[in-house]
Amino acid sequence: MDFGPYILLASLEGAVTAAVLALTAVGLSLVFGVMRVVNIAHGEFFMLGAVIAWWVAQSMGGHPAVGFAAALVIAPLAVAAIAVAADMTILKRLDYDPERTIVATIGLLYIIQQVTLMTYGPDARPVEAPFDTRLAIPWIERGEGGWQLYWPWGLGTTSYKLAVIGAAVAVLIGVWLLMSRTRIGLVMRATQMDRDMALAFAIPVEKVYALVFGLGAGLAALGAVLIVPIQQAHYLMGADPLLLSFIVVIIGGLGSLPGTVLAAVFIGLSDGIISVFFSPTLAKILATLLVGMVLVFRPQGLFGSRTA
Amino acid sequence: MTENSSTKTTTSRRGAIRTLAGAAAGAATMPLWARYTHAQSAEPIRIGFQVHRTGIGAAYGRWYDRTTQAAVELINEGGGINGRPVEIVAEDDGTDPKRGAEVVEKFANQHGCDIGFGTLFSHVVIGSAPRAGELKLPYFVVSEGHHVASGMLNRYTLQPGITDVKSQVQAMAPYVTRNLGKKVTMVFPDFAFGHDHRDFFTEAVKREGGEVLAHIAIPPAETSFTKYFPKIPRETEVLYHVMVGPAVLTFVKELGEFFGPQRPEMFGFIDSLEAVAMDSPGLEYLDGTYFWEGMPRHVQADQSDHDKFYREAVGVDNRGASVSDPTDISTYAHMFGCWETLHVVKEAMETAGYAGPGDRAALVEAVEAMTDMPHSRSHPQGAKVFNGKTHQVFGHQYISRVEDGRLVKVHTTSIEDTFYPDEVDYTKRAL
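As they're listed, the protein sequences go chains A and B. Each residue of the first sequence is one higher than the one before, counting from 20 in our numbering. Each residue of the second sequence is one higher than the one before, counting from 6 in our numbering.
Honestly, I wouldn't trust all of these hints.
[Said to hold, decoys possible] Listed next, the in silico SDA-like pairs over lysine to any residue satisfying Cα-Cα at most 20 Å (straight line):
#1 B:K141 x B:K394
#2 B:K236 x A:Y25
#3 A:K303 x B:K141
#4 B:K394 x B:T418
#5 B:K433 x B:G361
#6 B:K236 x A:G23
#7 B:K236 x A:V57
#8 B:K236 x A:P171
#9 B:K414 x B:Y180
#10 B:K236 x A:L191
Treat the hints as calculated values from the structure; they're not laboratory data.
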């Protein structure tokens, strides 16, 4: 494949990864920013989203779009409800102690994963995309007769992949509006800045925590519902998003939403491009190396502030 | 001297009394004893079944399990092995080599199994077989990997129920280069099984005057594939693909999306679509492409009675799905290996007069002595020839073409096509 079309294809693939990664990582970052909880079970909330999406799509029947639309609503809400319950029954009892919540969420990871294995089983199951047309992408090249438009071999994407990118952008804008323009966002930001002062101003911090934990898990689940027609729902699918989310959140700065989104785009695209031109292993090596460099030279992340 | 002998007599007299007392105690527990002595013939033969119940091999594991259960039921209905019933002791290895070695150890030391059996994924076989060799536990793998016949493993590891990749690809390469094209690009999973494909198919294509333009290795746990495909050279005439793991459907779908309307000829190992319905959305483009099948998934016009019998016993319908759930597609091209291996074990145990773990060496020798295995209920996939020196069986291979979502058999290789010179003589190694 020629260089130009090749890099365009790599970028498109990277953009899909980046879109889903951004949603997942923003959820993780939000939970850490507001609650100071490092949620190791975040990848399992992602997986639950995909599994529930399969289950909903499966039981709806009819046109694939109906099942998918229902999954898009039900799966994130169901996962958020599970997360809220986990917050109220586990994290709250630990007083949100940073060390103990890490251990607790590790436990949660195994419980969710194994319960899924016991109920849903070890198979990978597909959810049908609501629409999925292959779109060939044209490219221009200077031929004998001047500039010519042509359709390079293999250069294409699907309408669904583009929709995933669009949906992720829309959701991220929604999250940003929620955080910056609404009263609930104000309350969350107040809790993030100073928990004690927020309490003194009669902000129900515990309710805010439950809400944030649910929102974070819901975002991960939403990312998974979007990706499940491209990949498939599988009980072990949570490991990669967890690792990548941590990479993104550390590079972007824990608790910084714009930093997280930018880092997700950067990691997603570089993963796509490096995988295509060199090897996927090298892409992971470079990403983890970058994390190491950031931790050494700028521990607060590229966009974090030291006081946050 | 006399004194001495008298002391001896006293001792032996005392001993006799002790023995009597012991016998009396023994008599008290007579029913148990009696059961035990009788048990030399009625105690079940315990087969340790190493099954990929979880992890990336789970779909295969489910069907290997069903096939194994069906075969054992049949064997037991027919009077078991040497008049003893067969009992399956299943242990999940999570498709993980380290866990696999532990499972083998449990079979030998904890469950008291007579043999180990059933491992599929090549990295798990390679991780587990050395332990089976150390424990001198006959280990019957159903893996397709070339690791048995290559001499990499040991005298206790045998593969009598399924052919290996080297023989499969060399038998089919001529068909590919003569009918589909001579410029081939290979896409395969990046672990032992995939490397067998890479090495032996490339060799075989060269012998046929063809050329492999590019090797594209993909990690078996990968979930998105489009990023690998631009490495397929434009001048590729035949794309050779084989993939395993939970994401195979994604792999084949994305391959179709990548090529769009301009696909080259395609020859795949059905592994890329095992446990996946041929009519899944996004797979329409596969019409007119070719697949290797260990055993045709869809019922063919010339279906043998043995295939019919086997299909029914395992509970598989005409399209290779479970009779109880048409969305549950089997791993039909591989799982016959479990059925056939268990029948080989039965035959060998009967030849060796196998009575218990003390006869394990004799069992290995009895398998090694086997040669022809005719097409029969015990061997529904087809006739086979076993090579005792390399511990590997050889058999027919099938090539199918997809026509309207059906896999239609278009070519059957001879058994001789699959032969290659021995690379090892396990019979010369210590038992």
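Hint by hint, here is what the structure shows:
1. B:K141 x B:K394: holds, 18 Å
2. B:K236 x A:Y25: The hint holds at about 9 Å.
3. A:K303 x B:K141: violated, 41 Å
4. B:K394 x B:T418: Judged against 20 Å, a Cα distance of about 23 Å means the pair is violated.
5. B:K433 x B:G361: Not satisfied, since the Cα-Cα distance of roughly 24 Å exceeds 20 Å.
6. B:K236 x A:G23: Judged against 20 Å, a Cα distance of about 14 Å means the pair holds.
7. B:K236 x A:V57: Answer violated: K236 (chain B) to V57 (chain A) is near 39 Å, above 20 Å.
8. B:K236 x A:P171: With Cα atoms ~14 Å apart, K236 (chain B) and P171 (chain A) stay inside 20 Å; holds.
9. B:K414 x B:Y180: Within the cut-off at roughly 13 Å; holds.
10. B:K236 x A:L191: Judged against 20 Å, a Cα distance of about 34 Å means the pair is violated.
Checked against the numbered hints given earlier, the structure breaks hints 3, 4, 5, 7 and 10 and satisfies all the rest.
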